[in-house]
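Novice: Below are the chains, spelled out letter by letter.
2 protein chains.
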Amino acid sequence: MAAYVQDVIMLLGDSLTQGGVEPYGFSQRLSATYVRKLDVLNRGFGGYTTEWAIPVFEQIFAKQHEQQHVPKVRLLTIFYGANDAALAPSPQHVELPTYKSNLTKLIHMVTSPSSQWYSPETKIILIAPPPVNPVQWAEHIGGVSDRKFEVTKLYAEAVKEVGATEGLPVVDSWTGIWDKTGHDQSKLPTYLSDGLHLTPAGYEVIYDGIMKIITETYPELHPDKIRFVVKAWDEIDYKNHRQSLVIGA
Amino acid sequence: MAAYVQDVIMLLGDSLTQGGVEPYGFSQRLSATYVRKLDVLNRGFGGYTTEWAIPVFEQIFAKQHEQQHVPKVRLLTIFYGANDAALAPSPQHVELPTYKSNLTKLIHMVTSPSSQWYSPETKIILIAPPPVNPVQWAEHIGGVSDRKFEVTKLYAEAVKEVGATEGLPVVDSWTGIWDKTGHDQSKLPTYLSDGLHLTPAGYEVIYDGIMKIITETYPELHPDKIRFVVKAWDEIDYKNHRQSLVIGA
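For the protein sequence lines, the chains are A and B, in the order given.
Quick note on UniProt numbering: the first sequence kicks off at 1 and runs consecutively.
Quick note on UniProt numbering: the second sequence kicks off at 1 and runs consecutively.
Since the hints were made in silico from the structure, they are not lab data.
There may be inaccurate statements among the hints.
Identical copies carry no separate label here, and so any pair may be met within one copy or between two of them.
[As the list claims (entries may be wrong)] In silico BS3-like links for lysine-lysine, alpha-carbon gap of 25 Å or less:
| id | residue 1 | residue 2 |
| --- | --- | --- |
| 1 | Lys-63 | Lys-37 |
| 2 | Lys-37 | Lys-72 |
| 3 | Lys-100 | Lys-148 |
| 4 | Lys-212 | Lys-225 |
| 5 | Lys-72 | Lys-212 |
| 6 | Lys-105 | Lys-153 |
| 7 | Lys-225 | Lys-72 |
| 8 | Lys-63 | Lys-231 |
| 9 | Lys-37 | Lys-231 |
With the sequences and hints as input, model every part of the structure.
Specialist: Right, dumping it as structure tokens:
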């Protein structure tokens, strides 16, 4: 059994979050940045949309009455849209207004005092989906692309609208990556491995965006502000190590 | 708050475990291999020895009466020796017999039915320290090396002895890496970044050793035998998604 000693960062999303565990993914980078400070819980589920995320999030985020026994989620990233933006009749397709209201529901679960999942110490960062490259994606799936560049763009813009309404910071990976290409679709493969998923360079845009928001909006979560839970070895009182190693003392 | 939904792999050790969160480290690789199946909790503390590990482990591994609320540790790796093998008068130095008895204490905390931390569902893998390269290490610290090749070798052999006595599998990274060099010390920098810590190639020996033991000794922990906690998106009943997404149903 693992005792609860470290608070956590929870990454909620689809395959773009799940794939963040790979080398140079944003989940891996956060794990390295916050090692010995916060555990990173990857809750990325490939293929998922906001519609399917809601019943899952109800089960993976603790309710208030369970909170005393479980790690505090200090930071929650919410990163959907790559699948919601799939074109009908894909089972993944979520209408744009529903996508926005689903994102809002996920946020209010955590931020609304009347919610069973209310968690005022959880800071939230929204992440907009990156651009999609239908040329690469069609090649990858060996058929007609079920994503369109202009459609995914609308879903990315919707995240910024939800962020503005809710007063939450957004990592606009769509604009970040698109600007890096110089608005040249042929440069997208630097950031997208198959037209939909991110390369290490694409993940760098996400990670850098998260760290910039932490620095500017949630400075108490900056890694420099969070101490090692288990102290540095050269701070141990070697003659009295057992007492010196009491966590939190 | 993060609800307890996934069991965990806990990696207990020193900087060689802590550094495993970097790209291609064994912690990162396990996170990727077990994504959506088991969370990886990195409990590597740079500079730590078995002597300091015991009071820390007493706090980070849940006691029996706490077990109902916390994730089960399905796999525990114990990886010390790189610092215990530091030469006296280093404060890190732990005498060889003490090192062995400390490792045994850590193991018995989990395996002994009379222990407060008894956890029969936790499988244990011991990891022996890799070879040290005093030439690289002296250069890195800018002084006389406080580690010796032949001394660290004794600590690695001690892990195998403890494993044999306790009936536990050992990743013998010392022999694994030394054999890969063709017993040529000048080849060690392929596996050691500074003479003490591991490169991605060094971590590959650790990761491959862990996966080999899982396959042969703990097959129930093989990733192919553990289902996604949250089901694959193409297994969702789209017409009845809320009921279909009940975890564990």
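Novice: Each of the hints needs a verdict: does it hold here or not?
Specialist: Results for each hint:
With identical chains, the CA atoms of Lys-63 and Lys-37 are at most 25 Å apart both within one copy (24 Å) and between copies (22 Å). Proximity of Lys-37 to Lys-72 under the C-alpha cut-off of 25 Å is found in both arrangements, the shortest distances being 12 Å within a copy and 21 Å between copies. When the C-alpha separation of Lys-100 and Lys-148 is checked against a cutoff of 25 Å, the pair qualifies only within one copy, where the shortest distance is 18 Å, while the shortest distance between copies is 61 Å. Proximity of Lys-212 to Lys-225 under the C-alpha cut-off of 25 Å is restricted to the intra-copy arrangement: shortest distance 15 Å within a copy versus 40 Å between copies.
With identical chains, the CA atoms of Lys-72 and Lys-212 are at most 25 Å apart within one copy only, with a shortest distance of 22 Å there and 35 Å across copies. For the identical chains of this complex, Lys-105 and Lys-153 are intra-copy neighbours only, at 21 Å inside a copy versus 57 Å across copies, given an alpha-carbon limit of 25 Å. Within a single copy, Lys-225 and Lys-72 get their C-alpha atoms as close as 17 Å, which meets the 25 Å cut-off; across copies the closest is 30 Å, which misses it. When the C-alpha separation of Lys-63 and Lys-231 is checked against a cutoff of 25 Å, the pair qualifies only between copies, where the shortest distance is 22 Å, while the shortest distance within a copy is 31 Å.
Only within a single protomer do Lys-37 and Lys-231 lie at most 25 Å apart by alpha-carbon distance; the minimum there is 10 Å, versus 30 Å between protomers.
In this structure, every one of the numbered hints holds.
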